[in-house]
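Trainee: All chains, please: the whole structure from these sequences, using the hints.
Quick mapping for you: the protein sequence lines, in order, are chains A and B. The numbering of the first sequence is the working numbering, which starts it at 600 and goes up by one. The numbering of the second sequence is the working numbering, which starts it at 600 and goes up by one.
Simulated from the structure, these hints should not be mistaken for lab results. Mixed in with the good hints there might be a few duds.
Straight-line Cα separation of at most 16 angstroms, EDC-like style, residue types lysine to aspartate or glutamate; simulated pairs [said to hold, decoys possible]: (1) B:Lys760 - A:Asp761; (2) B:Lys741 - A:Glu704; (3) A:Lys634 - A:Glu783; (4) B:Lys614 - B:Glu801; (5) A:Lys741 - B:Asp664; (6) B:Lys717 - A:Glu801; (7) B:Lys741 - A:Asp664; (8) A:Lys741 - B:Glu704; (9) A:Lys760 - A:Glu783; (10) A:Lys717 - B:Glu716; (11) A:Lys760 - B:Asp761.
There are 2 protein chains.
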Amino acid sequence: MILCDIGNTNAHLFKDGEFSIESLEKFLAASFDDKVYYICVNDALHPILKKRKNFVDLEAFIKSDTPYKGIGIDRVCACKSVYDGVVVDAGSAITVDVMSRGKHEGGFILPGLKMYEKTYALISPRLDLGVDRDVSLNTLPKNTKDALSFAVLKSVILTIKDCAKSKKIYFAGGDGEYLSSFFENGVFDKMVVFKTLLNTVEELKKEGSI
Amino acid sequence: MILCDIGNTNAHLFKDGEFSIESLEKFLAASFDDKVYYICVNDALHPILKKRKNFVDLEAFIKSDTPYKGIGIDRVCACKSVYDGVVVDAGSAITVDVMSRGKHEGGFILPGLKMYEKTYALISPRLDLGVDRDVSLNTLPKNTKDALSFAVLKSVILTIKDCAKSKKIYFAGGDGEYLSSFFENGVFDKMVVFKTLLNTVEELKKEGSI
Chain A
600 MILCDIGNTN AHLFKDGEFS IESLEKFLAA SFDDKVYYIC VNDALHPILK
650 KRKNFVDLEA FIKSDTPYKG IGIDRVCACK SVYDGVVVDA GSAITVDVMS
700 RGKHEGGFIL PGLKMYEKTY ALISPRLDLG VDRDVSLNTL PKNTKDALSF
750 AVLKSVILTI KDCAKSKKIY FAGGDGEYLS SFFENGVFDK MVVFKTLLNT
800 VEELKKEGSI
Chain B
600 MILCDIGNTN AHLFKDGEFS IESLEKFLAA SFDDKVYYIC VNDALHPILK
650 KRKNFVDLEA FIKSDTPYKG IGIDRVCACK SVYDGVVVDA GSAITVDVMS
700 RGKHEGGFIL PGLKMYEKTY ALISPRLDLG VDRDVSLNTL PKNTKDALSF
750 AVLKSVILTI KDCAKSKKIY FAGGDGEYLS SFFENGVFDK MVVFKTLLNT
800 VEELKKEGSI
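Mentor: Right under this line is the structure:
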């Protein structure tokens, strides 16, 4: 059995206690002997995935009781596995969701770190410099690359801090481990989405639905 | 005489006490009878502007004594007109610079509000919704459009607040007036760049250099 969380850039896989990440291209080109239980927020891929016999879309089996309209199924899964805390999934987008005593209070969506880099390149060739993840956040930048890097990291960190306050923060996604290092109350938890997928599959098996 | 600050998307003009903004396309297509004294951060336009007989590039006459390497001439001009305070120029990019007793302490560069919109559209068609400038920043969003709008505004505002503290903040640029409304210590000052251009032209005329 493979559990799979398919995003806009990558597919995150969990099999036999091991995690892996594949680009969508590579993931779609691969063939799997195991049964693949997946969720997918990338609308363009649904018709392709539905044709695969050993693929099971779990979305219809995962109930969301959030008042938030149009929330992605990946965020629903992440939130369901946290009773009280903040969930940050840092991929192509950085989704931030607040849970209080099992209730989803709402959330917001920042661009992912790599998307900020693309944005600066679109503004001007002078700003096509990438984001230096080791930039100092304690002194004001004195060159362009630091100026971009500082702005991206400071704005993302401050916005998460402002909403999380003293709550525990669960980071997931490709930039989750890196971002978690800026937060005393932050942990990197690769299982935050997969816990719900695993529980869902186990319940469906128990019911005999799959 | 026309003073002109040329950016990556628009040209800002000042003539006889009146301000106007033109798209680059329209600005380049127009012909001017008056002498045009300009600064320009858009490298692609320099060869075109240099060919125009009544255009004078002021950049070489404006001295910068900042330790910041590679700063844009528009930011140099804005900083020179503020002895103590923070300058925010909110156009295609949002540049933020800190001045303390006439000294440039450094600064950073966030994407402009419209560029954030383009970034979300690049991430996913689901996020191609624009930024609602009237979104509430006091409650956590419960739908996707609010989630993007909240994230953009909150992250920009918090990052400016964090660096400005109690300093006076001078806002300029297309989104300057809107952003200034979030700051008790903020003023919208269209003249922040043009003050330096005006002083430079007056000095050069006095010297007989132009």
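Trainee: It remains to establish, for every hint, whether it holds in the given structure.
Mentor: Results of checking the hints against the structure:
1. B:Lys760 - A:Asp761: holds, 12 angstroms
2. B:Lys741 - A:Glu704: This hinted pair holds, its Cα atoms lying about 8 angstroms apart.
3. A:Lys634 - A:Glu783: violated, 39 angstroms
4. B:Lys614 - B:Glu801: Cα-Cα ~14 angstroms, so holds.
5. A:Lys741 - B:Asp664: holds, 12 angstroms
6. B:Lys717 - A:Glu801: violated, 41 angstroms
7. B:Lys741 - A:Asp664: holds, 12 angstroms
8. A:Lys741 - B:Glu704: holds, 8 angstroms
9. A:Lys760 - A:Glu783: holds, 10 angstroms
10. A:Lys717 - B:Glu716: holds, 13 angstroms
11. A:Lys760 - B:Asp761: With a Cα-Cα distance of about 12 angstroms, the restraint between Lys760 of chain A and Asp761 of chain B holds, given a limit of 16 angstroms.
Of the numbered hints stated above, those contradicted by the structure are hints 3, 6, listed in ascending order.
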